[in-house]
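Colleague: Each chain, letter by letter, is given below.
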Amino acid sequence: MKKLRKDVIGNMEEVKKQEGKTFVENNTSLIIFLFLEVLFFLTFGIIKADSIMRIIGVLLAVVSLPLALPLLRDAKTKIPVLLALGLLFIYGVFTAIAPMISFNNMLTMLSLLFAFVAFFILGLTLARLPEFNVLYALLAILAGVALLVTLSLIITFYAYGFLHIVLLKGKVIYLAGDFYQVSAQVKWLFGFDVRETNLNVASLNIGILLSTVLPIIFYLPKDKTKNKYIKIALIAIAAIAALATILLPLPNVLFYLVPSLILVTIFRFYPKNDKWLKIIGYVFLGVFGFAVFIGFLYAFNVGFIVQAIDAIPLVNRVFAHPYVGVWLKTIREMFVYPMGSIESLEIIGFSRYSYTTENFLLDTLRHSGIVAFLMLAAFILIAGKKLFVYVRSDRDTPLIRSLILSFLITYFVLIAINYPYHQLADLSANTRAIDYFSFARSELWLVSLFLLGYVYLSPVKQSSIEKVAPLINVPELEENAHE
Amino acid sequence: MNKAKIGLVFTALISLTACGVEVNELFDAGQFESADFLENYYEVFPSALLESPLTKQYVVDETNSSYGNIFDTNKETAPIKHILDTDHEFDFEEDMYNEYNSGTASLNVLDISTRYFSKNRLLNIDQSFKYGYFSKLTDGLVHCDGSGSHVRIQLKEQGMGKIFSKELISYSTMLLAFRGGTNIPWGTTNYPYLTQSERKAEVLINFSLYVADNDNDSYNQYQFTTTRDVKTDDNGMNTNILYINLKDVLDVDELLIKRASAFSISYELLDHPTLKPAGGSPLIGYEDYEFALMFYELMLPHSTWN
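Note that the protein sequences, when read in sequence, are chains A and B. Note that our numbering has the first sequence beginning at 1, numbered continuously upward. Note that our numbering has the second sequence beginning at 1, numbered continuously upward.
Derived from the structure by calculation, the hints contain no laboratory data. This structure is a prediction, so every number in the text was calculated from the model and none was measured. Mixed in with the good hints there might be a few duds.
[Stated by the list, open to error] Cross-link-like lysine to aspartate or glutamate pairs, in silico, DMTMM-like; alpha carbons within 20 Å at most:
#1 Lys171/A to Glu157/B
#2 Lys171/A to Glu22/B
#3 Lys169/A to Asp28/B
#4 Lys169/A to Glu33/B
#5 Lys169/A to Glu43/B
#6 Lys187/A to Glu25/B
#7 Lys187/A to Glu22/B
#8 Lys162/B to Asp178/A
#9 Lys171/A to Asp229/B
[Said to hold, decoys possible] Stretch by stretch, here's where chain A covers chain B in the computed footprint (C-beta under 8 Å, at least three residues):
#10 20-31
#11 122-133
Even for Gly, the Cβ is constructed at its ideal location relative to N, Cα and C.
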């Protein structure tokens, strides 16, 4: 077929335009598809090659870096972006060299070193691609968790029957010569293995799924999404979570949802900035910060603080609780192991002597040391503020914003109170596991970093991003659209 | 129609997930862990095994077995030496055998024993041995590791039995780890210390493998019997290791135990200076003290199961 001169010139112009584009812009669909797969497999964990997943994330972040560079050139975004990246990088360095991470495994070390920054960058950069719909990313994440929960529950029910947490209370079974309380465990899928884990693992995953319920109730009926499969998928995810909560049963998980329920409800009924809510928020934050400060002083036995706390019966009871006692012990030991505990070297075969604080920040303090702890705490504070700015912005639909808010709040509440550091038995390796759930290696933490990266630059509305930090060749794209 | 199909799938899923296959053997928390010695006996003996007739009995003695103490670290008399010598006949554990006989001055006998037991535990050979109370005998811990009653089963003379979910297909050797235990309050006025004669008990041990007789809906019992001095110093670290070359014991009957799918063990206390029933002179008021066989491990190294 004879080509017209106009077509040939048109093709040449197209090629010229493409030459000026970044690799990501030329392969947007591929990059997005690959990343959605990474999110799905991270949360599903079927491969359990967490290092491989982290490295794929790092590679995707490297190719998408050109999209982040304009953010570093712009005066308004430069400082917050560099601050977040700096905090995460230092946190990554001190995590990678921590004694709890095996020095023999260079792949794990390298992947940890860069993964946190990488997933945050992916959130930042993909947010700037017009083709990227974060709802698909949320669905990939939630679908991975939902599939994992569904399969694990089928295996659990097959092994223990329904309602085993209630019906088999006080009963033990023997596995590999050791006894385990049936009601304190579930079967869980780890890659191609099934292992016995504690209830915190189930709580974390089911809690994440349950976090979708209220946003679905509030916003799904009015949402403009025309794709009915998205709606069906979201409802199915919520239904799986509800079914799991009832059939195990695991009512305690509802407790961890309270903060996200409150915040989503506030967001629903007070969608705009409210001066009084802001004041209440700052007061709450202040009280929390004061309590943490007092906790640190109490942990180091500062005389007048100890006397004051001992004099108030209710506060004294809180500080005397074994759960809080572990937190205080960890704080006390922070200067003994400033670079992270060497416990893993001592307990290689007997992790029952190990302990967890069940709090992601304090576990970071134990595992990765003081610097990593401070960097992480600072990052969480900054990113937390950005999350609330995002929720009040008009970037995405209310459904998406409330889903992200609910997901992140539920996740951080769960890992602040109930972090599942240990599984009960790791029979295939013939030793009890010590590092399978360390926070640094958690897949959900990487996913959350992506979401935090996505919401990080919300004050810059999508429509004005190009003005602040123009995407390469955006004007041409717009011209094409006009034609 | 679609609704009916979905309903069927859902019903099938519900049925499948209501099995509770791993909770057939449930125990109360703290059971067998009591401070009272008398409450820790494990006495499960399936009636199918109790009722099965004795098909044949084999005597296990010094000529067809080795017997020693796990903490014997003398390179020439340690149990692991005999084990590796026997295993070597079957071309098993070549590396360990060579290492043991290499003449290395720093050879740690206990360390090589631990490696051997850990590698050849039944739990490694077949995953079906990882479930249930019996898994205490298949975890490779042949003596106390500091976790007390966690690692062993306390038996009365009537013993215990276990029906496996698999059948024994191939085999070469068999190993049992056990010791004697008592509830005598050593260190008190009447029993201030253990005498040498009290540190052991003469015990007749019978252990059997059972092959299902499908025609008669019963089992054929092949019993091994042995009389041994069993360490009874109440030190869980010290166990006796009985190691048998099955071919030496069974001789021409070697194939009779093929497809064995059950095991049992019982014993009779023949003699101990203090304990009944053969005790020479139990002190008045202490007649009720008891002897128990503390069973730590059953191994069939390099066996296969189907």
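Colleague: Does each hint hold? Answer for all of them.
Modeller: We went through each hint and held it up to the structure:
{"no.": "1", "hint": "Lys171/A to Glu157/B", "result": "27 Å, violated"}
{"no.": "2", "hint": "Lys171/A to Glu22/B", "result": "12 Å, holds"}
{"no.": "3", "hint": "Lys169/A to Asp28/B", "result": "9 Å, holds"}
{"no.": "4", "hint": "Lys169/A to Glu33/B", "result": "18 Å, holds"}
{"no.": "5", "hint": "Lys169/A to Glu43/B", "result": "24 Å, violated"}
{"no.": "6", "hint": "Lys187/A to Glu25/B", "result": "17 Å, holds"}
{"no.": "7", "hint": "Lys187/A to Glu22/B", "result": "11 Å, holds"}
{"no.": "8", "hint": "Lys162/B to Asp178/A", "result": "18 Å, holds"}
{"no.": "9", "hint": "Lys171/A to Asp229/B", "result": "37 Å, violated"}
{"no.": "10", "hint": "20-31", "result": "holds (count 10)"}
{"no.": "11", "hint": "122-133", "result": "holds (count 6)"}
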